[in-house]
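S.K.: With chain P's structure known, arrange chains G, Z and V on it following the hints.
Number of protein chains: 4
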Amino acid sequence: MKELDLELYNVRTDLALEAKELAERPGMGAIPGILSDTTDEDGIKVTVLQVQNEQGSQAIGKMIGHYVTIEVPGLRSGDTELQDRVATQFAKHFESFLERLNISKTARVLVVGLGNWNVTPDALGPLVVENIMVTRHFFELMPDQVAPGYRPVSAVAPGVLGITGIESSEIVQGIAEQSKPDLIIAIDALASKALERVNTTIQIADTGIHPGSGIGNKRKGLTKDILGIPVIAIGVPTVVYASTIVNNTFEMMRNHLEAHKGDPNQIFGLLNQMEDNERLQLVREVLSPLGHDLLVTPKEVDQFIEDIANIIASGLNASLHQAIDTDNVAAYTH
Amino acid sequence: MKELDLELYNVRTDLALEAKELAERPGMGAIPGILSDTTDEDGIKVTVLQVQNEQGSQAIGKMIGHYVTIEVPGLRSGDTELQDRVATQFAKHFESFLERLNISKTARVLVVGLGNWNVTPDALGPLVVENIMVTRHFFELMPDQVAPGYRPVSAVAPGVLGITGIESSEIVQGIAEQSKPDLIIAIDALASKALERVNTTIQIADTGIHPGSGIGNKRKGLTKDILGIPVIAIGVPTVVYASTIVNNTFEMMRNHLEAHKGDPNQIFGLLNQMEDNERLQLVREVLSPLGHDLLVTPKEVDQFIEDIANIIASGLNASLHQAIDTDNVAAYTH
Amino acid sequence: MKELDLELYNVRTDLALEAKELAERPGMGAIPGILSDTTDEDGIKVTVLQVQNEQGSQAIGKMIGHYVTIEVPGLRSGDTELQDRVATQFAKHFESFLERLNISKTARVLVVGLGNWNVTPDALGPLVVENIMVTRHFFELMPDQVAPGYRPVSAVAPGVLGITGIESSEIVQGIAEQSKPDLIIAIDALASKALERVNTTIQIADTGIHPGSGIGNKRKGLTKDILGIPVIAIGVPTVVYASTIVNNTFEMMRNHLEAHKGDPNQIFGLLNQMEDNERLQLVREVLSPLGHDLLVTPKEVDQFIEDIANIIASGLNASLHQAIDTDNVAAYTH
Amino acid sequence: MKELDLELYNVRTDLALEAKELAERPGMGAIPGILSDTTDEDGIKVTVLQVQNEQGSQAIGKMIGHYVTIEVPGLRSGDTELQDRVATQFAKHFESFLERLNISKTARVLVVGLGNWNVTPDALGPLVVENIMVTRHFFELMPDQVAPGYRPVSAVAPGVLGITGIESSEIVQGIAEQSKPDLIIAIDALASKALERVNTTIQIADTGIHPGSGIGNKRKGLTKDILGIPVIAIGVPTVVYASTIVNNTFEMMRNHLEAHKGDPNQIFGLLNQMEDNERLQLVREVLSPLGHDLLVTPKEVDQFIEDIANIIASGLNASLHQAIDTDNVAAYTH
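Residue numbers (my numbering), protein chains in the order written: chain P, 14 to 347; chain G, 14 to 347; chain Z, 14 to 347; chain V, 14 to 347.
Because the hints were derived from the structure by calculation, they are not lab data. Please note: incorrect hints may appear among the correct ones.
Each pair may be met inside one copy or between any two copies, as identical chains are not told apart.
Said to hold, decoys possible - Within a straight-line C-alpha distance of at most 27 Å, the following computed DSSO-like cross-link-like pairs (lysine-lysine) qualify: (1) Lys58 to Lys231; (2) Lys193 to Lys237; (3) Lys193 to Lys233; (4) Lys105 to Lys58; (5) Lys193 to Lys231.
With the rest of the complex left out, here is chain P (with noise of 0.2 Å):
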């Protein structure tokens, strides 16, 4: 039953961050073989998150690793001096794993953006990939000429599975084989658990990519075990659950209920006594077979999407390019 549930969550949330949360219970303290640490400034929110341990991993149904989430809430507004200040903030971050992995200033990078460029909040990745600074053909043409602070970075958009036929994963580690990279980044659209977190939230994780996340449902991962050079996934929880907003909101109701008129017991019956989880597949026991149980997505998704875009480009072209410079990494993308 445990890893059924697990499993559950693995396909609900992406978000190291939400599965912590999940895991959580009132009064029991922290998670064995979790650390957690999280700073907030002028709107940006980093949580710095480290799986330890295989306790800890089972405890939260993620990898053992390291999981950055930067919550920025005020994103939706449209608000480019914001969002400047994001991808400043997520080049340094990102900087710290290439550091921590022992990436060299020199080591060649391909950054995969997954997802499918039709499908708006599947579009996250293929849109990255488009702003990307690629640079590999130049040191493969004429190594001579490159200026010195950049290093090979080649990005492709491998499709889904419904388009090409092919699993991305397959696409990629033949790409990798023929251009032989160091290191991948995998860019990728999430679902979520909770709404308030959609194209609002980026997770970077040195996990690489697993089979069964994302919004396209990958039946294989991009793995350091299975592509042989480590992987990191940059996410984005592009879409959530119907069943899961509602589930949030009884949990908000509740406390919401509880701070202002009393007894919860009183007012959701035994609803109150139920656990998160079954009550989620309460909700879902419902939603579900009536074909309700939607994924879904913020009405303004077209534009949301293009700002996280370039927000993720900006800071990955001036992680990778020393040359570039964190403090306006913004003009190196459209």
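M.R.: Chains G, Z and V only, in chain P's frame:
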């Protein structure tokens, strides 16, 4: 209080069908002043609803007039044969509006595609306009050479206030004064009360477009009163508030539990005794301050909107031009 | 014959600069009624041309008025720093039109983006409209709260006859009657006499838009005579006829050969003795019956149009709103 | 000198048909090693051309192999009935390639759409890929449940060097090694020798894609030598150099004048005595230094490319899957 509720419903549902469902109470019988008839054939459910008088209008918060709602849950599957059948049904019902309004076979028609082409769930109107077979210029430039079976049809997408700085109703009024149509057909994306109706339902109404309706929150309407000519409104719900998803789900859960386990009072506590309305207020009270009561749309919105725009354009082309056969309407659009 | 030629030129070039070049004859000196002054600075060549009287107008087939042409061959290289400088130059010259026409700092402005958004080389106008900072609705809805330094600006893209069935001039007239601007700025894609000017040249003119101009072959104009308010036209050549490419090349070859090898009579035979005009007729006589006299555009048209639309929108935003600094106009557009 | 010319032609035309026309001399009879047969039916002209041996290959600068060229000047008119007939003809001829290459009914096929989806005239390949009916994943995931009449088909759009930093041939090689197709079909946009062939002509060839061909100037090819499996190339000319327009027009003018007025020597002078080749060099000598020898495309390129992509995808779907009827191929694409 009553008015406030009606106004709220007005914001939250633009479908007469949903307004009627909201106004109905178990055991209270038919609402006076509301005639309604539903047929269901091969997956296409058609409800013909008439608001006969002021009493009916008050009861459901919708204008006196005729409303036809076509519900096709299967539309989300992308079945082209079903799409063709829906276009044919749409054309048939649309023609009954033309007859009831005494619109002659040669009357001049202006099709108005409301909404924002840059926001996918709001782009329905502009997409329909692109697929309308316009003929007015042929009648103006070479009236002798227009084949029989056509009427003068024009089509415009006036844009939205945030992009033009001008109310779309003012733009339409200006264009109508210049081009002198006998009938306006206005297409708009709507908010729904129910996730399952999003992108699966088409409403035709002879009441025009009223202030505050549609996604774009118009402040002025497109009605016969304002424009001096009849206005048929075609609406498709393409978004839904998170709060209505939650509230609907409560209702479904209650019914589900009642059917399976017994006493909803015990399970739901006081929640069970709340009116739908009261409970919705509670949900909003919780979600809104957190910025969580977003308008959302299904992940596959790009394809859904394109499919429905084609259905409506096909249906309109067949209804407006006798020379185009309702049996094969799809051939005249992209 | 004269009129026929003028009409032909009218179709083939919408640039006053090119019309003047066509009318000039070697050794004939300045054309009476035409004042012209050219400066060239850092790759931006600006020609200020005035058609002073009827004689000048007859001579070059252009209306009496002021024309500024900004030529920037380097625009095709995608240099963003150059783009910013062009936007600043454009703003400076555009402001001189506002002053000359006595348009006050608070006068109401309607920006009209002519053309078809589905045909890339004709999509310039609609693209500019999307990047204009519209403010009219703020002045209408909350006049007390608009910060100083702004004026009421609105913007529409009326579409083209083939899609709307209505002349764009009629649509604009209707909208202007409703929204009552003091000035109209109309942006249109043009045909050029020279491939090298395509997507590298911007013309500003205070003469409005005349029938037959632009790519879309309007049959009615947008002028002060028709609309009762001044119309400033902004045009960018985005296409060129195959026949004008050929004819231009003849001329270039003649000059080239003359400079290098001697007698063009010997090399070109009678071709050499033809008037430019006569030869163009010959080229068309050959190409047209075969359907070869197509309007063509450079392969990279998508990027070129986007870049120039951004330059014009940036320049207009800076010119129209005092609060926006001409030194950094680009920040206000996407 | 000979080789240089051939190389130049190679850059300037990717059509075997045009290469043959260029190599032919009046009164010289058939070129040894080249078999060619042309039929013309209902506006569709089909040329089956075979380069039989090294002598033929040298003569026209094309690889030994089979080439079918389908020319349909009427395609520019947007006639959907004609488009369906062209798709059917294309399917018929494509099937003859499958037979000649002994590709079995169940052989695995990888469709490769070369080109840049952001540059409209270069987006043909990616657009075809989007409309290919891919089935490989069904064969992989549930081989027992695939209906008879289908084969495993996959499809990828590898992007271009400037966006990915990796040669498209390397990407395809990597994907082919992973997915193990028995045949590759590569679709590419080409440069033409003649404006009238742009967007009206489709070439099928069993020679693969060679370095330097297509718009994107590949430096490596997609051939059986490199990939170990046969490669059928499908090409559509979508751009033409300004210089070839000029040079072609000379030729047309000469023929025209000869037919109408007598002595071209008198009219054209020495130009008349130049070889086509020599004259083209002269034209380039004049245009290139001025940056005027641009690749151009017809103004309506957006629609043309979409129409031809649909024709090719429809034809391929019918050819590759027996279950799809060649009589009604269009139904399987958007």
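S.K.: Taking the hints in turn, state whether each one holds.
M.R.: We went through each hint and held it up to the structure:
1. Lys58 to Lys231: Neither, since 29 Å and 36 Å both go past 27 Å.
2. Lys193 to Lys237: Answer is both: 14 Å inside a copy and 23 Å across each meet the 27 Å cutoff.
3. Lys193 to Lys233: both (20 Å within a copy, 18 Å between copies)
4. Lys105 to Lys58: within (14 Å within a copy, 43 Å between copies)
5. Lys193 to Lys231: For Lys193 and Lys231, the Cα distance is within 27 Å both inside one copy (23 Å) and across copies (20 Å).
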